[in-house]
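Could you slot chain H onto chain D? The hints should help.
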Amino acid sequence: MSIIVEGRILQLVFLLGYSLLILYGINRSVNQGKVPNIRQPAAIAAIEEHVGRAVEMGRPVLFQTGIGDVSSNAGATHMAMLGVLDYTAKLAANKEAKFICTTPSPTLYPMAEEIIRNSFLTEGKPDLFTDDTIQFLSNQQMSYCSAVMHLMKRENISLNIQIGFFQAENLITLEAAKDSGAVNIGGAVRTLRIPGMAFGCDYFLMGEEVFAAGAFCSRDPLRLGSLLGQDLCKLAAIIVILLGFVLVAAGSDFLVNLLTI
Amino acid sequence: MSDLFRSSRIPLILIWVAVLIIFGDYFFGGVFNQAFSTLTVEWTVIIANIAIIVGGISILLRSIMVSRRSSVDIVERIMHGWQVVIAVFIFAIGTAFGTTSGTYNWLYTYILLPSWRTVYTIIIFFMATASYRAFRARSGPSFVMLICGILVLLRNAPIGMRIWPGFYSIGTWILDVVNMSGGRAIMIGSVVGAVSLLIRILLGKEKILGESE
Chain D
430 MSIIVEGRIL QLVFLLGYSL LILYGINRSV NQGKVPNIRQ PAAIAAIEEH
480 VGRAVEMGRP VLFQTGIGDV SSNAGATHMA MLGVLDYTAK LAANKEAKFI
530 CTTPSPTLYP MAEEIIRNSF LTEGKPDLFT DDTIQFLSNQ QMSYCSAVMH
580 LMKRENISLN IQIGFFQAEN LITLEAAKDS GAVNIGGAVR TLRIPGMAFG
630 CDYFLMGEEV FAAGAFCSRD PLRLGSLLGQ DLCKLAAIIV ILLGFVLVAA
680 GSDFLVNLLT I
Chain H
103 MSDLFRSSRI PLILIWVAVL IIFGDYFFGG VFNQAFSTLT VEWTVIIANI
153 AIIVGGISIL LRSIMVSRRS SVDIVERIMH GWQVVIAVFI FAIGTAFGTT
203 SGTYNWLYTY ILLPSWRTVY TIIIFFMATA SYRAFRARSG PSFVMLICGI
253 LVLLRNAPIG MRIWPGFYSI GTWILDVVNM SGGRAIMIGS VVGAVSLLIR
303 ILLGKEKILG ESE
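Protein sequences appear in the order of chains D and H.
Residue numbering for the first sequence is 430 to 690, as defined by the numbering used here.
Residue numbering for the second sequence is 103 to 315, as defined by the numbering used here.
Mixed in with the good hints there might be a few duds.
Claimed, not checked - Derived pair list, reagent style SDA-like, types lysine to any residue, alpha-carbon separation capped at 25 Å:
#1 Lys527/D - Gly196/H
#2 Lys582/D - Ser169/H
#3 Lys663/D - Leu277/H
#4 Lys607/D - Leu277/H
#5 Lys663/D - Arg179/H
#6 Lys663/D - Leu449/D
#7 Lys663/D - Ala287/H
#8 Lys554/D - Leu163/H
#9 Lys607/D - Ile252/H
#10 Lys663/D - Ile176/H
#11 Lys607/D - Ile226/H
#12 Lys554/D - Trp208/H
#13 Lys527/D - Ile112/H
#14 Lys582/D - Ala287/H
#15 Lys527/D - Ile176/H
#16 Lys527/D - Ile303/H
#17 Lys582/D - Ile303/H
#18 Lys463/D - Glu485/D
#19 Lys582/D - Ala236/H
#20 Lys554/D - Val168/H
#21 Lys582/D - Ile176/H
#22 Lys582/D - Arg179/H
Read the hints as simulated data drawn from the structure, not as lab findings.
Okay, chain H solo, but in the shape it has when bound:
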């Protein structure tokens, strides 16, 4: 029995059922009972939420273990311990008063949100400098890409039109002809790749299904 649950058969059957229901609804919507596909999508959300609970518990257990490990740096131990305290505290507030309560909203608006915004602001400066450092002409294709990037930048920036109005036409041509045709080729390839991956999953030959090899 346990072998049956550990094998890839059950997930594979579930995948087949879900694929047939979703495809059936998409292509044969008129004659297909839409309730099936709605139910499948609802269950996807439910299972994803269960995965969040499993993930949350794993993360909490790991933080507790790290905070108790003597070989770890003291600052990191305190950080992990503090993380556990905060998580349990917010979970308790959310459970006791509800996620729409004033207390929970206060915690979200005045503690979590400012913290995220602060981190975001600090990182965004790094992003600007990272772009500057990363965009180097290290090879022929990257040189062409860099030139195209500069031309599109000058098309979009107001100063570009002031320098030379021709930047608009060149930038538009790069976006509408070169960029779009290349992008569509990649998109067609990606869709074919996704179909191929789906077939390999349906045949049980992708590693994500457990003991498939």
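So here's chain D without its partners, still in its complex pose:
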């Protein structure tokens, strides 16, 4: 009897291989001091720029956490979102911008509340954190939509950030923010939501950029090193795809069979 479950041997090999490449990137960056010079996505640079603009205009910044629970399959996306929330809350506190975070998830609510409170505390502005800073509007998708649309109009927001896991409410809230004269910064992992984000956002993060957003925000050598590791993983994936392309074209099923072991 095989120790590893049949059909999952190569999955484990890939997982370990990817992990080693990412750890190599981290080691190279942290221990050898070769921090990769990675271009910051326009969406991350735009957050700082538009938080400053919000302060100048005297209008608030809105951050939406995305829908669903942390225990669902969207958990990883929510974790990535929390990194951006921390960065944005710190920027808002530092520049003394009015910051509002809305959530349709009761499980994300306490986590987001704690992160924002800590960010304000770190920036030495705990008094800026009020009861209105984080708001649970509804866990029903369309009720949340109508509530957030009302909030956008009432508060006259200047920046709407929605990076994370979104569903059909995505396009509605983006359009409502645009109607309020706000700049939209978004990010989506699901291929189903990426077109909506691309059309509705002024700046947006696509796919893996959402997971890397925390690293882009912090410019921390360890996190940047992990991005180098990610690129190496993608290079490995491209090599396997090209190899498969050549072998299948040559009539060999070797790689196809190998992937199923």
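Frame of chain D; chain H shown alone:
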């Protein structure tokens, strides 16, 4: 002692344990005691429910505070106060009679459900117009995307085949070749990104674990 609880060490240890159990069950299911992973998943649900209680209490307290604040608009104060009354009333009914009781079901079927459906119906019209307004050809790539969207729309809509049968072949090619290859590239990138995020979390370098920086 309080420093230990405030530090990121305890959540980090719990994450390591959970990851090892879940991965162990997935890859070494034959030799691994499945009871561990079942227990871990059960505890995930329990902790998520505790988070719901914490979230619910925070929301209720906020609504009470807003409803008592004189600087807030009167309509909003009434709305928040009413929200508290409704929440407490439904909680009391659910606790007293049980969530499967006729009274609770009546509240759900005849009050909550119609309200949600009404809001949904109103919003869905906005969604249709929002799609119309959002899908603009503002740049080269968005123009290409718009054309692809129209072609796929004509492939799926019955009228497309009536206009020209070739729309089916073009739409299918866009979906099966262009869309799928692009989608898979994004998916591979996302999975690698998720693995990288997991490693950063396991190394205690993500902000979600409290004082990690």
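Restraint status (C-alpha distance of Lys582/D to Ile303/H at most 25 Å): violated, 37 Å
Pair hint Lys582/D and Ala287/H, alpha-carbon separation not exceeding 25 Å: Outside the cut-off at roughly 38 Å; violated.
Given hint Leu163/H paired with Lys554/D - CA-CA distance at most 25 Å: holds, 23 Å
Straight-line alpha-carbon gap Lys582/D to Ile176/H, limit 25 Å: Holds - the C-alpha atoms of Ile176/H and Lys582/D are around 18 Å apart, at most 25 Å.
Restraint check for Lys582/D with Arg179/H, where alpha carbons must lie at most 25 Å apart: holds, 18 Å
25 Å Cα cutoff - pair Lys527/D, Ile112/H: Violated: Lys527/D and Ile112/H sit about 33 Å apart, past 25 Å.
Distance restraint between Lys554/D and Trp208/H, which requires alpha-carbon spacing of 25 Å or less: Violated. Lys554/D to Trp208/H sits at ~47 Å, over the 25 Å cutoff.
Holds or violated: Lys554/D to Val168/H, with C-alpha atoms at most 25 Å apart: Distance of about 22 Å is within 25 Å: holds.
Agreement of Lys607/D and Ile252/H with the hint, judged by alpha carbon distance not exceeding 25 Å: Judged against 25 Å, a Cα distance of about 24 Å means the pair holds.
25 Å limit on alpha-carbon distance, applied to hinted pair Lys527/D and Ile176/H: With Cα atoms ~22 Å apart, Lys527/D and Ile176/H stay inside 25 Å; holds.
Restraint status (C-alpha distance of Lys582/D to Ala236/H at most 25 Å): holds, 18 Å
25 Å limit on alpha-carbon distance, applied to hinted pair Lys582/D and Ser169/H: holds, 21 Å
Going down the numbered hints, you'll see the structure goes against 1, 4, 5, 10, 12, 13, 14, 16, 17, 18, while the others check out.
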